[in-house]
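Chains A and B, in that order, give the protein sequences.
Positions 1 to 404 (the working numbering) are the ones given, in order, by the first sequence.
Positions 1 to 404 (the working numbering) are the ones given, in order, by the second sequence.
Heads up, some of the hints might be wrong.
Said to hold, decoys possible - Straight-line C-alpha distance at most 30 Å; calculated DSS-like pairs for lysine-lysine:
| hint | chain 1 | residue 1 | chain 2 | residue 2 |
| --- | --- | --- | --- | --- |
| 1 | A | K271 | B | K267 |
| 2 | A | K306 | B | K271 |
| 3 | A | K205 | A | K120 |
| 4 | B | K322 | B | K205 |
| 5 | B | K306 | A | K267 |
| 6 | B | K271 | A | K267 |
| 7 | B | K271 | A | K271 |
| 8 | B | K250 | B | K400 |
| 9 | B | K267 | A | K267 |
| 10 | A | K271 | B | K306 |
| 11 | A | K250 | A | K400 |
Treat the hints as calculated values from the structure; they're not laboratory data.
No experiment lies behind these values; they were computed from the predicted model shown.
If you want the building blocks of each chain, they are given just below.
Number of protein chains: 2
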Amino acid sequence: MKLLILGAGGVGSAAAKIAARRTFLSSVVVADYDLARAQKTVADVDDPRFHATAVDASDQSAVEALIGEQSIDAVLGATDPRFTMPIFRAALATKIHYLDMAMSLSRPHATDPYRQTGVKLGDEQFALATEWETSGKLALVGIGVEPGLADVFARYASDNLFSEIDELGVRDGANLTVDGYEFAPSFSIWTTIEECLNPPVVYEKERGWFTTEPFSEPEVFDFPDGIGEVECVNVEHEEVLLMPRWLEAKRVTFKYGLGNEFIEVLKTLHKLGLDRTEPLTVGGVQVSPRDVVAAALPNPAELGEKMHGKTCAGLWVQGTGKDGRPRSTYLYHVVDNAWSMAEYGCQAVVWQTAVNPIVALELIATGEWTGRGILGPEALPAEPFLELLAGDYASPWGIKELAV
Amino acid sequence: MKLLILGAGGVGSAAAKIAARRTFLSSVVVADYDLARAQKTVADVDDPRFHATAVDASDQSAVEALIGEQSIDAVLGATDPRFTMPIFRAALATKIHYLDMAMSLSRPHATDPYRQTGVKLGDEQFALATEWETSGKLALVGIGVEPGLADVFARYASDNLFSEIDELGVRDGANLTVDGYEFAPSFSIWTTIEECLNPPVVYEKERGWFTTEPFSEPEVFDFPDGIGEVECVNVEHEEVLLMPRWLEAKRVTFKYGLGNEFIEVLKTLHKLGLDRTEPLTVGGVQVSPRDVVAAALPNPAELGEKMHGKTCAGLWVQGTGKDGRPRSTYLYHVVDNAWSMAEYGCQAVVWQTAVNPIVALELIATGEWTGRGILGPEALPAEPFLELLAGDYASPWGIKELAV
Numbered sequence: 001m002k003l004l005i006l007g008a009g010g011v012g013s014a015a016a017k018i019a020a021r022r023t024f025l026s027s028v029v030v031a032d033y034d035l036a037r038a039q040k041t042v043a044d045v046d047d048p049r050f051h052a053t054a055v056d057a058s059d060q061s062a063v064e065a066l067i068g069e070q071s072i073d074a075v076l077g078a079t080d081p082r083f084t085m086p087i088f089r090a091a092l093a094t095k096i097h098y099l100d101m102a103m104s105l106s107r108p109h110a111t112d113p114y115r116q117t118g119v120k121l122g123d124e125q126f127a128l129a130t131e132w133e134t135s136g137k138l139a140l141v142g143i144g145v146e147p148g149l150a151d152v153f154a155r156y157a158s159d160n161l162f163s164e165i166d167e168l169g170v171r172d173g174a175n176l177t178v179d180g181y182e183f184a185p186s187f188s189i190w191t192t193i194e195e196c197l198n199p200p201v202v203y204e205k206e207r208g209w210f211t212t213e214p215f216s217e218p219e220v221f222d223f224p225d226g227i228g229e230v231e232c233v234n235v236e237h238e239e240v241l242l243m244p245r246w247l248e249a250k251r252v253t254f255k256y257g258l259g260n261e262f263i264e265v266l267k268t269l270h271k272l273g274l275d276r277t278e279p280l281t282v283g284g285v286q287v288s289p290r291d292v293v294a295a296a297l298p299n300p301a302e303l304g305e306k307m308h309g310k311t312c313a314g315l316w317v318q319g320t321g322k323d324g325r326p327r328s329t330y331l332y333h334v335v336d337n338a339w340s341m342a343e344y345g346c347q348a349v350v351w352q353t354a355v356n357p358i359v360a361l362e363l364i365a366t367g368e369w370t371g372r373g374i375l376g377p378e379a380l381p382a383e384p385f386l387e388l389l390a391g392d393y394a395s396p397w398g399i400k401e402l403a404v
Numbered sequence: 001m002k003l004l005i006l007g008a009g010g011v012g013s014a015a016a017k018i019a020a021r022r023t024f025l026s027s028v029v030v031a032d033y034d035l036a037r038a039q040k041t042v043a044d045v046d047d048p049r050f051h052a053t054a055v056d057a058s059d060q061s062a063v064e065a066l067i068g069e070q071s072i073d074a075v076l077g078a079t080d081p082r083f084t085m086p087i088f089r090a091a092l093a094t095k096i097h098y099l100d101m102a103m104s105l106s107r108p109h110a111t112d113p114y115r116q117t118g119v120k121l122g123d124e125q126f127a128l129a130t131e132w133e134t135s136g137k138l139a140l141v142g143i144g145v146e147p148g149l150a151d152v153f154a155r156y157a158s159d160n161l162f163s164e165i166d167e168l169g170v171r172d173g174a175n176l177t178v179d180g181y182e183f184a185p186s187f188s189i190w191t192t193i194e195e196c197l198n199p200p201v202v203y204e205k206e207r208g209w210f211t212t213e214p215f216s217e218p219e220v221f222d223f224p225d226g227i228g229e230v231e232c233v234n235v236e237h238e239e240v241l242l243m244p245r246w247l248e249a250k251r252v253t254f255k256y257g258l259g260n261e262f263i264e265v266l267k268t269l270h271k272l273g274l275d276r277t278e279p280l281t282v283g284g285v286q287v288s289p290r291d292v293v294a295a296a297l298p299n300p301a302e303l304g305e306k307m308h309g310k311t312c313a314g315l316w317v318q319g320t321g322k323d324g325r326p327r328s329t330y331l332y333h334v335v336d337n338a339w340s341m342a343e344y345g346c347q348a349v350v351w352q353t354a355v356n357p358i359v360a361l362e363l364i365a366t367g368e369w370t371g372r373g374i375l376g377p378e379a380l381p382a383e384p385f386l387e388l389l390a391g392d393y394a395s396p397w398g399i400k401e402l403a404v
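The whole structure should be built from the sequences, with the hints applied where relevant.
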């Protein structure tokens, strides 16, 4: 399989490092708008199967040309979600497999944004479902960790642990700290702002998808493996849009363990208009305030050496177990930054995101996962994924039973 | 007298409007790097004595050339304080009077910034004191409202109310709100960040000038005229550097009634590095994050129609009265936004800043204030200033006795 990784930021370069340990890929092109960044990734990997090139991910025809020239079989989009659609369309036009870790962006409801959905996450992609079916290729959307592994957990719980599900509740938390920085997010601030300041989306079987005010339904969740209690709030996330398409559940939520300090920072950025993406004129040049916020902060992909702690992604499932009794179970995956740095030279959050699409690509390459059209991870069997992740990729996952 | 107003922002254009009501100026050139802004100010004033032109205030020789061409007698610097020094040097080189409302910028102590001063506010200006003496012209520095009117109050209290002063404490507070904005500062956010995030400076007779952590010594001060209680904290400000040069006091402080919300916003901007002025590279262009913050917020000079409330500038003096008994007195000046909008079409904070240099220029033009070299407002007699302000300029001030 010939893979194109588009985007050599934190997640893209971690994906390259993870892929280099495996033999299923015959060649990997790492492309970025910044050639030096792609070249750095390829130099770090130091594997003759890997090549660097420059491409502008916003330019669909340039992406198509690159796919054609290099006879690519599958593209992994590892850019920020602004560029999801041109890459998605280029993969469709060139009839190759497509994977991403962040779906097409939402737009709030014009008049009632905190109760009704407008354009939902992924809507622009699902609008092309028929065309993907016809192409015969697989568009595996949302196959990072969240969305991604959380959706695999949902399929696993649905198949193996529960007879009826009241709530599929993604819960994400960490105890990461960064030496020498008063404030240093461990993931793309651009994406975090997008997720956290958009109206959070919730799914209920009776009501369908609806939205709430940002930071709604705060809850303290006790994360495993020594991470402990973190304040979590509703955040717009792909899992809420994906899981109900393939799985039965009365309610689907996503709560992010932002903690109070981060929530206050995000509220302040919004209050000052610094979350906006539309360019402003500043001293004769045009810049997007959100891009300036991202540029002012340290690059999270480069903080690994200074980071300490663990990050946890997981799914809290509540409902009725296979035995007919109430059940409350947290399925989770923890990465210790010390481990991911020692093993891969990648910080925990980007490594945890990047491993999942590579596991998925291996399942596609070996024929264990097959499908056509646009599918979420929960549309495919969970067991081979979880076995490969914990086995050959040496990254275990866990199940914790909670009081009911 | 031929005046050059350099900077046609909020304060500069308010100064033009105030000056247009008076007859002591024979001509006024309003200059800005943005010609359209200068032209707008001149069009609003609608007085044949006023002319607009473009000049880059950072370019000392361009300012000198403009002064020469127009035979200017005095320049009023109304730019942000980054441009104080080139204007100050241009006035010295061309031997004309100089007035400003914000002095040359400080630089924190390299190793002990929250205890020791580094380069203090105005140090760069006072380094040229001998040259100004020799030129025979007057450089009247810090003649806005704070610094400015607060310094006039200090001189007045020192001459008329107190035999010994324990503390000269500037206290600034407001109850201004802006319709339709969650957050809309009523004064330049660039300058507010500069003032509030630099280490605050305090003067004590025994110790000289020293600094503290930002936002130190919080105190609730009860402002007059219905404004009420506002949380005030130490802030770096020119009065602390000016007053001890000419007046006897055991302690000099400046506390700004920022309120909790504003303090949290400033702390967050600092935490994210968005207070920095050094340019960042963002998508191929260079911008200063602080300029982006300013550009993202509404222009405070244009908010007057939507503003409600009053702003108060004043000086809390504690010590021994002329009668030998303990005395605690607040001298203050309140501007109601409704009044300044109705009378001048200017919002309260910029009007309150802009009126003082025009009153001072009138005293210089009529010979009531004379002097040479670099002087603060407290170096000149307070009575004619306060009489003219409350009389012909119709803007009264007050004295409130506090419990001792």
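Checklist entry - Is the Cα-Cα distance between B/K271 and A/K267 30 Å or less? => result holds, 14 Å
Checklist entry - Are the Cα atoms of A/K250 and A/K400 separated by 30 Å or less? => result Roughly 21 Å between the alpha carbons, so the hint for A/K250 and A/K400 holds.
Next on the checklist: Can you confirm whether the C-alpha distance between B/K322 and B/K205 stays at or below 30 Å?
Outcome noted: holds, 21 Å
Checklist entry - Between A/K306 and B/K271, does the CA-CA distance stay at or below 30 Å? => result Holds, because 18 Å separates the two Cα atoms, which is no more than 30 Å.
Next on the checklist: Between the alpha carbons of B/K250 and B/K400, is the straight-line distance 30 Å or under?
Outcome noted: Since the Cα atoms of B/K250 and B/K400 sit roughly 21 Å apart, the hinted pair holds (cutoff 30 Å).
Item to check | Pair hint B/K267 and A/K267, alpha-carbon separation not exceeding 30 Å | outcome: holds, 13 Å
Next on the checklist: Hinted pair, alpha-carbon criterion (30 Å max): A/K271, B/K306. Please report holds or violated.
Outcome noted: Holds, because 18 Å separates the two Cα atoms, which is no more than 30 Å.
Item to check | Distance restraint between B/K271 and A/K271, which requires alpha-carbon spacing of 30 Å or less | outcome: holds, 16 Å
Checklist entry - Quick one, are A/K205 and A/K120 close enough, alpha carbons at most 30 Å? => result holds, 17 Å
Item to check | Pair hint A/K271 and B/K267, alpha-carbon separation not exceeding 30 Å | outcome: holds, 14 Å
Item to check | Given hint A/K267 paired with B/K306 - CA-CA distance at most 30 Å | outcome: Since the Cα atoms of B/K306 and A/K267 sit roughly 23 Å apart, the hinted pair holds (cutoff 30 Å).
Going through the hint list in order, the structure satisfies each hint without exception.
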